[in-house]
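Asks: If you want the building blocks of each chain, they are given just below.
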Amino acid sequence: MAVATQPTLATQTAHSMTVRGLKPFYGKRLAVQALDLDVRPNQILALIGPSGCGKSTVLRCLNRMHELVPYAHAEGLVKLDDINIYAPGIDPALVRRKIGMVFQLPIALRTRNIYENVAVGLRLGGIKNKAELDTRVEKALRDANLWDEVKDKLHLSGMALSGGQQQRLSIARTIAVEPDIMLFDEPCSALDPISTLRIEELLLSLRQRYTIVIVTHNMQQAARISDRTAVFMVEKNDDIPVGVLIEEGPTEQIFSTPKDPRTEDYISGRVG
Amino acid sequence: MTLETNMLTYPRRRRVDKALRGCTLVATALAIVPLVLIIAYVLIVGGAALNRDFFTQTYRPPVPAGVDPLTGLPIEGMEEGDLSQVQARGGVLHGIVGTLMVTITALLFSLPIGILAGIFLAEYPDTPFNTFIRFCSDVLSGAPSIVIGVVGFTLIVRQTGTYSGIAGAIALTFLMVPTITRTTEEILKLVPNTVREAAMAMGAPMWYSTLTVVVPTALTGIVTGALLAFARGAGETAPLLLTIQGNSNLSFNMLAPLAALPILTYKYIESPFPAENQLAWGTAFVLMMLVLGVNLLVRITTARIKR
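So the sequence lines, in the order shown, correspond to chains A and B.
All residue numbers for the first sequence refer to this note's numbering, where the first residue is 1 and numbers rise by one.
All residue numbers for the second sequence refer to this note's numbering, where the first residue is 1001 and numbers rise by one.
Among these hints, one or two may not hold up.
[As the list claims (entries may be wrong)] As a list, the in silico DMTMM-like pairs of lysine to aspartate or glutamate whose alpha-carbon atoms are at most 25 Å apart:
| no. | chain 1 | residue 1 | chain 2 | residue 2 |
| --- | --- | --- | --- | --- |
| 1 | A | K236 | A | E248 |
| 2 | A | K23 | A | E67 |
| 3 | A | K259 | A | D36 |
| 4 | A | K28 | B | D1053 |
| 5 | A | K128 | B | E1197 |
| 6 | B | K1267 | B | D1053 |
| 7 | A | K153 | A | E132 |
| 8 | A | K28 | B | E1197 |
| 9 | A | K151 | A | E200 |
| 10 | A | K28 | B | E1123 |
| 11 | A | K23 | B | E1197 |
| 12 | B | K1189 | A | E67 |
| 13 | A | K79 | B | E1197 |
| 14 | A | K151 | A | D134 |
| 15 | A | K130 | A | E178 |
[Claimed, not checked] Covered stretches of chain A, going by a simulated chain B footprint (3 or more residues, C-beta under 8 Å):
| no. | segment |
| --- | --- |
| 16 | 59-72 |
| 17 | 104-112 |
| 18 | 118-132 |
| 19 | 170-179 |
[As the list claims (entries may be wrong)] Covered stretches of chain B, going by a simulated chain A footprint (3 or more residues, C-beta under 8 Å):
| no. | segment |
| --- | --- |
| 20 | 1199-1205 |
| 21 | 1213-1222 |
I should point out that these hints are in silico values taken from the structure, not numbers from a laboratory.
The structure displayed is predicted, hence computed values, not measured ones.
Glycine included, every Cβ here is placed at the ideal spot set by N, Cα and C.
Pulled out of the complex, with its shape left as it was, chain A reads as follows:
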């Protein structure tokens, strides 16, 4: 699909992202004040903050999902390794294959069985060979810690799985295409504690191969799994609320000695 004259998204072993002066808009309204952010290779970066602070919006800017909201657009520089994903000529669909995303609600595609739920991304990538599809579907399901539970019912509807299993199925679908970066938008907020634990273990094991950005409402979760944490807050700008990135640093430091007093208030449960 990539034409020779277009910039292509190069692949290398460890991937990072660089955000400079990113400004997401909904219509004419600025959602988050211009922010800089570095996503380091093989690390988990957690985005935390109260509702409406724009952390999900920022996450969705990282793989150009933001612009799918009607009238939404983003300005600024977002680089995957050294390629600006907002450069003219970049195909957003290709960006989304390189930077996968898992959502808050588990999505099992209703009209496809479990196998096809995982294979769909591979087929999109042009893989038609049945044997290769089988291998990669199995590998993705194993990586998502789901294989043992579904290997005997791959032909069943994905809707037959529990919520936690459906979320791991969503993760398998995202892993299957072997993206460079994986984005998680509150992946555990609709799950029970045991399923949450399994997803967290999965995230930690995925970190060895992937670079991960996760939005979470659960501060213990951020503390448990992330290497670095970015804290967002809502500020009033002429009475219009706008999200602000107030602090970013190693998770330990954010949770023990935050520089911004608002971070301390938030993580100790006094606000938000």
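Given the structure of chain A, go ahead and fit chain B onto it with the hints provided.
Replies: Relative to the frame of chain A, chain B by itself:
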């Protein structure tokens, strides 16, 4: 502790509750009873008109009692009777064939147009153009069908110089497209946005996400819309009178006048002979069964696809 209530207002609340429930019951009965009566009457009276000839023969003129139906000559020794003694002959095979040909052709025209227009309205961002299309669609679906008939007559029959099945199919298309468009749009809007986002997040292009994820999810609803359109098209009389005109013989020629069940019903109920009036109920019965049969068939198939 007691579970009995001694609240002062309790008897009154119970009375109000009963009265309201009674109201809803009466309203439901008012809605359902005439419907059941109509269906029962069509089934009983129409069912009585059915026999083998009814499905295998085309129109044949009725004969008075005392006349040999085969030769048309008076039978000796019998007197020619009054109108109520007239024997109906023949069947409505030509009407069944005509209705199927015209309605299915119309469905073939309107399905792609209606579904694609519905996808356009539901899946692409709202613009003034969309609002305009939606408005036109609503107006068109509410337009009196005789108006559609006049349009078909002026645009096609007058231009081509002949009544024809194809003119009827095009007129019915005008009627069916808005129904299909609007039901497709409404059903697609019920598909959760998260499903679209999941498809887009895999790097699927918009068309792939729409055609392979969103539309299949909404398939049953879209099929229901198509069925409604089919039922409406099959039952229309006014546009067909002005476009296919009617035909007493079996014809498979879409470029010439065709018969159709609603037109036959109209013709037979106008007939001065009670025996032919009964044929009208028979055609009404067949028309109802046709719509019901197609409905069942499609429902069974979609249920199987879903599984």
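Asks: To test your reading of the hints: which numbers does this structure violate?
Replies: 4
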